[in-house]
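Undergrad: Letter by letter, the chains look like this.
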Amino acid sequence: MRALSVILLSLFSALLLSCDRRSNVAIATEENILVIGNSNEPKGLDPHLVSGVLESNLIRALFEGLCVDNPSKDGVADKGVAKDWKHSEDYRVWTFYLNEKAKWSDGEPVTAHDFVFSYQRMLNPRLPSKYADMLYFIKGAEDYNKEKNPDPGSIGAKAIDDRTLELTLRGPIPFLPEITKHYTWYPVPRHIILKFSGGDPATPFTGWTKPGNIVSNGPFQLKDWKIKHYIEVERNPHYWDAGEVQLDGIRFLPISNSYTETRMFLDEQLHMTYTLPPEMIPYAKEHVPAMLRQEDYIGTRYLRINTRRQYLDNVKVRHALACAIDRAQICKSVRGGNEKPASGVVPPFAGYTVPPGASFDPERGRQLLAEAGFPNGEGLPEFKFLTTDRDVSRRMAEAYMAMWREHLNINVRIQQREWTTYLQDQYDGAYDLAGAGWIGDFLYPTTFLDMWTKDNGNNNTGWHSEDYEAKLKESENSIVPEEKLQLLQDAEKIFLADMPIIPVFWYTTNYLIRPEVKGWHPLQLNNHPYKNVSLKRN
Amino acid sequence: MSENEIEEPLEKGTSLWKDAWLRLRKNKMAMIGLWVVIFIFLTCFVFRWFLPQDPNAVALGNEFAPPSAQHWLGTDQLGRDMLTRILDGGQISLLVAIAATCLTVSIGIIYGGISGYVGGRADGVMMRIVDGLLAMPFLIVVILFRELIEVRVDLIGKFLTSEWGWDKDFVRRFSNIIPLLLAIAAFGWLTMSRIVRTQTAALKSGEFAEAARSLGLSHFRILFRHILPNMLGPVIIYATLTIPSFILYEATLSFIGLGVEPPNSSWGVLIKEGANYLESNVSMLIFPAVVFSVTLFAFNFLGDGLRDALDPKAAKD
Amino acid sequence: MLRFIFSRFLQTALVVFCLVSFTHVTIRMIPGNPFADEKAMQPHLRERVAEAFGLNESFGNQFVSWWSNVLTKGDFGLSTSLFGRSVNEILTSAFPVSLTLGLGAMFIALMVGIPSGVIASLRHNGWIDYGSMILAMVGICIPAFVLGPLFQLWIARNVSWLSSAGWERPADILLPALTLGLAVAAYVARLTRGGMLEVLSQDYIRTARAKGVPGHTIILRHALRPALLPVVTYLGPAFAAVITGSFVVETIFQIPGLGQHFVTAVTSKDYFLLPGLVLFYGCLMGIANLIVDIVLTILNPRLREA
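Chains as they are written, first to last, in our numbering: chain A, 120 to 657; chain B, -11 to 305; chain C, 596 to 901.
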């Protein structure tokens, strides 16, 4: 008995004393590895099967597209796999010249055939790719994906030769280079996928993305993937610009609890967090202001209205609901992250002026309600407000609830649901009002406007308008940049006049970053190219 | 033998209770626990109604206010009065725990009593079922109950509001906890039935039970007049100890996201949200957490004290 | 003895089978779509996804093929929430972590619970009794999602070699095991105290004291062993529960164990991971209970039942 306790105690002390006194961050910086929080376990690493932001962070480290983000300037397309590109006068046909040095991490060259294969695979109607509609800019893509045309060759993507890719688009798209930065436009290794899928590229779960199998063309290659533990990538020696890459590796930690993530950061375990929960912003501002970043993030938080429901099909009721939300107060008291009250669904960015839309005007709200036949909220039922089960969502819902009750005498019932149920209820139209958000995929207003068309799976409000869609189409067909934006603004005016959603605020991204991380500049899309990031070691 | 001699054990039972009470009195911690429990109940259910503040009255711009005359414990992250939120939360947490315990005890006594008394193969099967159910992920049951029962509970709530004119928010608050307490009870009766079964099996082979059987008394009579009263001790002890574990379980469910519907609060919700403010506004956590922990300590000490008092030699759990 | 083990094995197998089947049925009763994602899936692709997982077949077919895969190939299928990851992989990667954490927690539970219970029993109804029990009961009076962050703030932040969260260094096991173990420690302390109180009032203890046997020998050699019998009974199910019921601790301390998977499998309706987990857990519980029963029967032949 006594001997046992002595053994145990000595083991225990040996365990503790063997520990390195340095912090995790110090060790990682020493090894030149960036440790970054990445919110959750990815659903996969196959660019064609995923659709989330956290997956895009991983895919961006491993793969590279025709163009890449400039590390500090928004809206600038730097050379990626493509070393040069030109377009036809009407912006419908684009030709990309690929860099001869572009290689996969197993030494195979990246060719235009890889890109064509990639687009054909993603659009293959037998592959469950959630984000296939990102490729619909290409002519013939939508028809092939929706099985209206069985020939994959009908897609406007052609390999003129190994190093030349020609894309024919469905309309004039002057901002195509911006779109090619998105991971849905990345190439995938044809030789590897075919090897693991037994010849049929549309087999979904083949294991080609496992460490040891996967081959990628970006600045890093996959080293280790431990489920719910971490994903580590290491330097890709075959990357065409490997000389520019300064990090030796990146470790992504799937920390789902953002409070734990902040605490880990404050305990020197990470170089950078994925986010910073609103509750901790005041603490960060006071204690680590130099490590706090609050940057514009191209996204909108809004309330989705089910316009098919009785009472909510009345446009005046919708406007009244919009008028009762004190956006400034919500941004200040409930969020505290420098968010900006939103009047429209498209956030302001270079070249786009947001048309006047929703604003806080309780008097007008009451008036509209009376005009609609429900003075002082009489006759209106209790609406159900659907939101996620996070604490922040709960707070915002309680704030909306109080505002609607105070200004309009309308009651809502808050229903918090877990993530997939919350999403599916909206897809099924099983809600009255729902809190929702949308992050832009590229820097152009259409990423916020295209979704409100009639059959778009991300609409879910039951609203659609032929005028609206006509304007969108007109804008796409124009080749004058200013005219395109003006038409989009007109479209948004039509949209906001009907108020099928209530804009609340435009996002900012709040996160913590250590001073030794260099080359991480504010970008509106928050898609930081890792090859320009470095760790300053003493 | 006359009936009177068989009545004797019951009479002995009454003075047993008095002995137990005296023993309990000696246990200072248990007595403190008892008074704390009574105090918490009175505060949450009686004193609360004398406070004018509305715990759901959002007042943006007045968040995290320090204690003042108007808000004795200050305000929370949306400017709501902290004290009434804690008391209202206590109503919910205590109600859920007590109602679930009552259900648990009822079901457990019936199931465990039958199993222990009948014995043999049936007993084995019944207990194996309990063992199996203990391995089940009750989270599914919680979610299912919420999905299936919520609609029916809503209907009853609507009926109460429209036909009987009860206040809507009041009804909503309390009907909301029904799926939750049913789910918790569905999980709690398992261990209770185990305990009851062990007690019943032991008592079944006791002397007076043998005597009663040899007299030809019906099983029913033996169960209710002899076995059950003697089992009351462990049942009371376990019930008192179950209540705090149910309060804790409700808090854990709130953490997972399956708690009560907003804007209502329970202690679990308050603590969960408070823990997020640990670094910035620690009073958001301290006030509800202290009330929560003190209550749980009180119940636990009371339960332990009852165990010491009612069964000073036994240590069966 | 062997017959006993065999019959228990059969009983456990039957119970586990019913449990897992029940899980299969109930998970499909919860409304919702496990594949729902932020970007809506085109309707014609929803069927493809269902097909990829075999969910387009009838329930009967799915049920039979799942069981036959499990029993013949040991293949639990693909997880729907971790889109296409094999359930086997998930289980094999998470179990060792949970096992280590569980062992650490049990160790702490015993190290804290048994001494507390013994000390409390020696000074029955004194302030040391109460103080000792207060310490032991911290785990069941302060929820883990409060205790955890408190430890992270007070301890981890101030001790350089202790991390706030994560599972990298050996020392990382300390705080989560402490948080998890304290909850179990409360029951261990209670059982130990109760057991000690009963044993200490026995005649043979009084005899030993009268004979002049020193106090600590009485406690350690004569009283402790029989007093710990109830603790042993409790250990089996406690260990199994600790391995899978540690969701809160795993979330707060970012530990890649089974507890997290358990809860996410339910909340995101993972049609294949959840039955796999339930099967795993059921077997674990069965084995734990069996071992405890065998040990008890060896220690106390009077407990053997027909």
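A couple of the hints might just be wrong.
Here's a subset of chain B near chain C, in silico, CB distances under 8 Å, partners left out [unchecked claim]:
no., residue
1, ASN15
2, MET19
3, ALA110
4, MET114
5, ARG140
6, ILE144
7, LYS192
8, ILE210
9, THR240
10, ILE259
11, ASP292
I should point out that these hints are in silico values taken from the structure, not numbers from a laboratory.
As the structure is a computational prediction, the values presented were derived from the model and not from experiment.
Glycine included, every Cβ here is placed at the ideal spot set by N, Cα and C.
Undergrad: Does the CB of ILE144/B sit less than 8 Å away from some CB of chain C?
TA: violated (21 Å)
Undergrad: Closer than 8 Å between Cβ atoms is the bar; does MET19/B clear it against chain C? Give me holds or violated.
TA: violated (11 Å)
Undergrad: Take the shortest C-beta to C-beta distance between MET114/B and chain C; is it under 8 Å?
TA: violated (12 Å)
Undergrad: Per the CB criterion, is ASN15/B less than 8 Å away from chain C?
TA: holds (6 Å)
Undergrad: Holds or violated: ILE210/B as interface residue toward chain C, Cβ cutoff 8 Å?
TA: For ILE210/B, the interface hint is violated, since the closest Cβ of chain C sits about 22 Å away, which is over 8 Å.
Undergrad: Just to be careful: measuring from the Cβ of ARG140/B to every Cβ in chain C, is the smallest value less than 8 Å?
TA: violated (15 Å)
Undergrad: Have a go at the ALA110/B hint: is there a Cβ in chain C nearer than 8 Å to its own Cβ?
TA: violated (13 Å)
Undergrad: Under 8 Å is the threshold here; is the Cβ of ILE259/B close enough to any Cβ of chain C for the hint to stand?
TA: holds (6 Å)
Undergrad: May I ask you to test the interface hint for ASP292/B with respect to chain C, counting a Cβ-Cβ separation under 8 Å as satisfied?
TA: Since the shortest Cβ distance to chain C is 7 Å, the answer is holds.
Undergrad: Should the hint that THR240/B touches chain C count as held when the rule is a Cβ pair under 8 Å?
TA: With a minimum Cβ separation of about 6 Å from chain C (threshold 8 Å), the hint on THR240/B holds.
Undergrad: Against chain C, is LYS192/B within 8 Å by beta-carbon distance?
TA: violated (14 Å)
The structure does not agree with the numbered hints 2, 3, 4, 5, 6, 7, 8 stated previously, though it agrees with the rest.
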